[in-house]
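Student: Going down the list, the sequences are from chains A and B. If you count the first sequence from 1, position 43 lands on 43 in my numbering, and the numbers rise without skipping. Position in the second sequence (first residue = 1) + 1000 = my numbering.
It is worth saying that the hints were derived from the structure and are not from the lab. Each hint should be verified, as a subset may be incorrect.
Straight-line Cα separation of at most 20 Å, SDA-like style, residue types lysine to any residue; simulated pairs [as the list claims (entries may be wrong)]:
| no. | chain 1 | residue 1 | chain 2 | residue 2 |
| --- | --- | --- | --- | --- |
| 1 | A | 7 | B | 1151 |
| 2 | B | 1073 | B | 1062 |
| 3 | A | 18 | B | 1073 |
| 4 | A | 18 | B | 1062 |
| 5 | A | 25 | B | 1062 |
| 6 | A | 294 | B | 1229 |
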Amino acid sequence: MILIISKKQETTTNEVIKWLLAMGKKFIRVQEDEVFEIKTKEKRIYIESDRNCFYLDEISSVWYRRGGLKFKNFHYDNHSVNIHMQEHQHWLHDYVIKTLESKKHINKQSNSAVNKLFVLEQAKKTGLDVPEYYLAENTCDVVLDKTIIKPLTGNITIDAYQNYGESIMYTHVIDRQEEDSFFITFFQEKIEKDFEIRSFYLNGRFFSTAIISQNDERTKTDFRKYNLEKPNRNVRYNLPIEIERKTRQLMELLDINCGSIDFIKSEEKFYFLEVNTVGQFLGVSSMCNYGAEKAIAEYL
Amino acid sequence: MRYFNLFSDILITKGVNRILISDLQRNYSELQSLELNNIIEELKSNSIEDVFALYDQESKEMLQEYLNFLVEKEYGFITENSWDENFPPLQTDFSDSSTISNIFIETADLMFSPQLVQSIENLGIRHLVIYCESKLSLMDFLTLEDTFNDSCLESIEIFSLYHEDVNDDFVKKLDEKCLRIYSLIFHKCDNAAFEVTDTFKFNLVFTDQHLKINSCGKVDLKYFETNMLKVLEAINHNSCLHKKIGIDINGNIKNCPAMCNSFGNINTTTLEEAILHEDFKKYWNLTKSGIQICKDCEFRNICTDCRAFTEQTHKNNDGLDISKPLKCGYNPYTSQWEEWSLNPLKQKAIQSYSMQQLNYDA
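Construct all of the structure, not just a fragment, from the sequences and the given hints.
Tutor: Below, the structure written as C-alpha cells:
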C-alpha cells in the first residue's frame, strides 16, 4: 500500500494517481484537512481519520507531496499529568512519522521544506558554481543593474496585497539605490544567461529541460513571466555528467530525493540557483515528453 | 566554423512535393519547400560554412535567406565549433494512463446508467462527446454535470438540437453550474436567441446546419491541430480510433458510432468487456504511414484520419481497411485540395455509405 500525503485538488498528485490506477497499485491519499488518532489493535499500530484508517505495517512506500500528517493532541486538566502526556503523545507522533519515513519514500514531511540560504552553502561545498550572494539591510553594496533580489521564502506569492488577488514575487534586477534601510533582504549577483535549465530530479535521475527565453525581453530575468504569444522553448537537455554528480551529492546532503532544480547556463559555466521540492514540474516535463508523473508512479 | 542545431521539438514531415514544419511547442505548423528540407538535412552533418561551399554564388543568397528564416522562427540556433550535443532528440514514444481516453455517445437523452458511469471511471476516460438529436432542458445538462461530479472525467462536449428555451439566461446558468462542459454546439438553429460573446467557460456555437453522425470524418486543414500529445499519438497509433470508444443510438458499443462493427450492446455488455474483444483494438496501431496515399502526405502527423468512411480501395494482410479517408479532398501528389464529394473516383464508396443526403460543408 502506497501512502500519499498531499493537498486537495493538487494537479501533480492527481496525475500520478491516474498512473497508479493504471498500474493497479493500491494507495491511500491523505489531505490537509485530516487529523489522525493513533490506535492499536492486536499489538499493531494503526492511525485513523474521518477519511482514512490504516496499519503502519501495511504501508510499503510513502510520497510526501504537500501538507502533512496531523495528529489529534489530547489535553489533561491536571497540570503534571498534562506535561507528561504531552511528551508521551509527542513521542508517539514522532514514532509514526519516523516509521513512515524509514520506508521507501519520495521526500519526507520532516525535511521537505528547504532553506534557500542553507542550500546555497551546501551547493558551494559540493563544488557547484553559485552566483555570489549576501544578505543586507540597505543598497550600499549593491552594484546597480548587476544584482538581483528574490524571496527567501518557499512560497513566492502574496495574497490580497494592494487590491491584487494574488501577486507573484519575481526575480528582479536592482536599478536604483534605496535611501532608507529595510528588512534584511537576499541579494545575488545577476548572471548573464545563455538559457535556464530546470531539472526534475527523482532518486538520482535527472530529467532536464533547457528553457530558452533569452530572445525575449520579458522573460530575460525570470522565465516565469510567460510570454503567451511566443512561449519559451522548453527542450530536452542533458546536464554535463560532472554537474549531475555534484548535484546528486547536494541532494544526498540535503536528504531530498525529489525536486526541481534550477540552473543558469552562462557560456561554459552552470550556475546552481535553487531546489524546489513542492513546485509544479509536469508542464515542463510534458513539453519534453519525459513522463515525470509516470516515473513517480513507477518508483512508488 | 558555425553549426546549425534544430530544436528537438521541431518536427519535419516530408511529403511528395513539400514539407510540413510542426512546432510542437508553439502548436503551429507551416508548409515549406523540399529545398529547405535538403538544407536542413545538410546542416545536420555539415558546418554552415561547408554547406555554403556546396552552393554557387546565386544559391548562396537563397541559402542565407533560409538560414535567417530558421533562426528568426526560432526553429533552431547556431553554435560555434560544433553542434551542442547536450540537446538530445525528442523521444517520440506515446504514453497515456487511460485505458480509453475518449468516449463518443450518440443518445436520445442525458441519462446514463450507473454501470456506464462506473465503466467510464474504471477505464480512466478523460473526454466525453455527446451527440443528441433531441431538445435538452437546463435540468438535463445539470443532471449530466452532477452525474460526473466525483469522477476522473475532465471534459464534456455536447452537440444537441437547438430549441427556443436556449436563451441568454439558460446559457448563463450553465456557465455558473458546470465545470466539465467545455464545448456546446446547438445545431439546426435558424435564429440564435442572442449574440455569442466570449465570456463563458465553454465554447458556444449555434449553427443552422443539421448535424448527423455521418457528418463526422471530414479531413480538412481547419480540423488539423498541432499539439505535442496529438502528434506523438499519431506517430505511434491511429489518430482516429486509438483509445476511443463509441456507443451508437441503439446502445451498440463500437470503435466509433459511425462504424458498422459492434462489440456488444450497452444493456448487456460493459465497456470493459467490449474492449476485450479481439477486434476492438485492431485499428489502434495503424498509423498514417500504413495507409495508402496518406503515407506520402506531408499532413500525416497532424491529420485527424477517419476509419469510418474510407475510399474502400485497399485492405492489408490482416484485413484492415488501409484506404485513404473518403472525406479528404487533398492529393499529396499534386498538392491540390479539391471538393472530395465531387471526385468521380469516390462515387462508388459514397454510394456504399448511402451518403447522398450528406451535408458537405460542416
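Student: For each hint, tell me whether it holds in the structure or not.
Tutor: Hint check:
1. A:7 with B:1151: holds, 18 Å
2. B:1073 with B:1062: holds, 16 Å
3. A:18 with B:1073: violated, 37 Å
4. A:18 with B:1062: With Cα atoms ~51 Å apart, residue 18 of chain A and residue 1062 of chain B exceed 20 Å; violated.
5. A:25 with B:1062: Judged against 20 Å, a Cα distance of about 58 Å means the pair is violated.
6. A:294 with B:1229: Holds, at about 15 Å.
The structure fails hints 3, 4, 5 (numbered hints given earlier, in ascending order).
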